[in-house]
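Chains H and R, in that order, give the protein sequences. Note that UniProt numbering has the first sequence beginning at 1, numbered continuously upward. Note that UniProt numbering has the second sequence beginning at 1, numbered continuously upward.
Check before you lean on any hint, since a few could be wrong.
Repeated chains share a single entry, so a pair holds when one copy, or any two copies, can fit it.
To be verified - Think about it this way: if two alpha-carbon atoms lie no more than 20 angstroms apart in a straight line, the pair counts; the simulated SDA-like pairs of lysine to any residue are:
{"hint": "1", "residue 1": "K246", "residue 2": "Q159"}
{"hint": "2", "residue 1": "K246", "residue 2": "R160"}
{"hint": "3", "residue 1": "K193", "residue 2": "P36"}
{"hint": "4", "residue 1": "K246", "residue 2": "G174"}
{"hint": "5", "residue 1": "K80", "residue 2": "A256"}
Calculated from the structure, these hints are not laboratory results.
There are 2 protein chains.
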Amino acid sequence: MTLLGSIEAGGTKFVCAVSDNALNIIERVSIPTTVPEETMEAVVDFFGKYDVDSFGIGSFGPIDVNPASETYGYITSTPKPGWNQFDFVGYLKKAFGKPIYWTTDVNAAAYGEYKLGAARDIPNSLYLTIGTGVGGGAVIDGDIFNGYSHPEMGHIKVQRHPEDTGEGSCPYHGDCLEGLASGSAIEKRFGKKGIDLPEDHEAWEFTAYYLAQALMNYSLVLSPERIILGGGVMKQAHLLPMIQAKLEELMAGYLALPPMAEYVQIPGLGDNAGITGCLLLAQKILN
Amino acid sequence: MTLLGSIEAGGTKFVCAVSDNALNIIERVSIPTTVPEETMEAVVDFFGKYDVDSFGIGSFGPIDVNPASETYGYITSTPKPGWNQFDFVGYLKKAFGKPIYWTTDVNAAAYGEYKLGAARDIPNSLYLTIGTGVGGGAVIDGDIFNGYSHPEMGHIKVQRHPEDTGEGSCPYHGDCLEGLASGSAIEKRFGKKGIDLPEDHEAWEFTAYYLAQALMNYSLVLSPERIILGGGVMKQAHLLPMIQAKLEELMAGYLALPPMAEYVQIPGLGDNAGITGCLLLAQKILN
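One chain only, chain H, in its complex shape:
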């Protein structure tokens, strides 16, 4: 029986799963992200119980996805202690010697949503997570999109809301998208977590404005046919229609986009977009 291994490697926890070839999950664990020696040992212990045929990894970044690079398969310049320049793919290859599909967490989620979620059968689609940070991945022509490296689209510049004079929270760029609209930006800028802010708080108008501009920019550059918005901040259900309305207004009919309720959606796979994407990528690398 074919067994697929999936690792959704986040900055807080690693979610590992083993499934059969029909993607039925046999076992799934969550491992805290501490230092590589500890976390990776637990990962190897988990998968060591099975004869897994291939792995799909969706990792926090930045990572090296260029197969021609000497550091392909590494987590590169992360500030996370111990993980900087960690050879993730090399470690797993050494432990199991199996084929590995290696990409970012958001690219894996984008692939999951394209194959089995809210972008099913939409070969040009975009997945954005708005959580602690903001990150995005795209599927173009049915395959994960990378340029010279993988996108880092959470850090684009957007125009400031005229009434928003607060500082941005990104340590690199100040008021880039992540510095204005991520969960941690909302908490830092307004003194409360998003979940504790009333629906009519100005934070939501600002956040919707920034995210709508970001979707406008991504639409103009990548030309997706659907955009999926995931992550903790999107659990505030009133935010999606605000973003859709603002995007429609900002775009001003310039592109022939699908109706907003189709064009911008929440994940069809819920919080399982990443893990499902990783399993599908494990399957892809095997075939």
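Add chain R to chain H, keeping to what the hints say.
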């Protein structure tokens, strides 16, 4: 002998050329863009003198580049009288019955620069023209990039310069990139053409700021390894180093980019990027 046909279809003029398979140009003409009946008749007259084997077309847009679409090969929603929903590819197919590579003017220029210009052998690169309008095209993994449609990246939103309180000139979006940094925006906003503004005019600082933000956003979304800046506005040679310096500052070391003098360049093919790209695309569709 193989003959290649090239049409760089702009809003003001069509540049048509015939070359041999080594891209030596045999004849080249410029035809004013009036209405399709007139312009296209002159195009057919020109190519009718040769037994052209294939065509590469780089057209003003928006155009339909989706081969599965019923209006593939059309110029779509242009306000230009007569050209709205014009079946460009169909017209040429009917006249000559030869293979046609159909893409945007900026995509063709991006391809030309990748094959023979300043992005030679750089398989992930971006070409931006800053002229009457602002438009961009990308080569990803050695091929022209399209999503569901072609990019329209000239209209992205960027943050306003704190000292720039002037209005933007884009009829759709006001102060999008094209509305702030195109040649026509500069003329409208500062009362003079860029060529007539002194080098220390604040217009250049604003323009460099907006273009640098745009390059930052494109870099984060598309991850090119090189960016080529063409078009009339870039003929002001003092602008390039201003953009490079501002981009470096804004990016704040977040991405591992090549040195700015390598990363951001002017076209290696000068004003011939488009026509060269079209000839190369004619060759590509033939092979």
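| Within a copy, between copies, both or neither: where do K246 and R160 come within 20 angstroms Cα-Cα? | both (14 angstroms within a copy, 19 angstroms between copies)
| task | Since the copies are identical, ignore which copy is meant and state whether K246 and G174 lie within 20 angstroms (CA to CA) inside a copy, between copies, both or neither. | result | between (23 angstroms within a copy, 15 angstroms between copies)
| said: Please sort K193 with P36 into within, between, both or neither, judging by C-alpha distance up to 20 angstroms. | reply: neither (30 angstroms within a copy, 58 angstroms between copies)
| message | One pair to classify: K80 and A256, alpha carbons no more than 20 angstroms apart. Within, between, both, or neither? | response | between (42 angstroms within a copy, 17 angstroms between copies)
| query | Is it within a copy, between copies, both, or neither that the alpha carbon of K246 lies no farther than 20 angstroms from that of Q159? | reply | Classified as both: same-chain Cα gap 13 angstroms, cross-chain 17 angstroms, threshold 20 angstroms.
Going down the numbered hints, you'll see the structure goes against just number 3.
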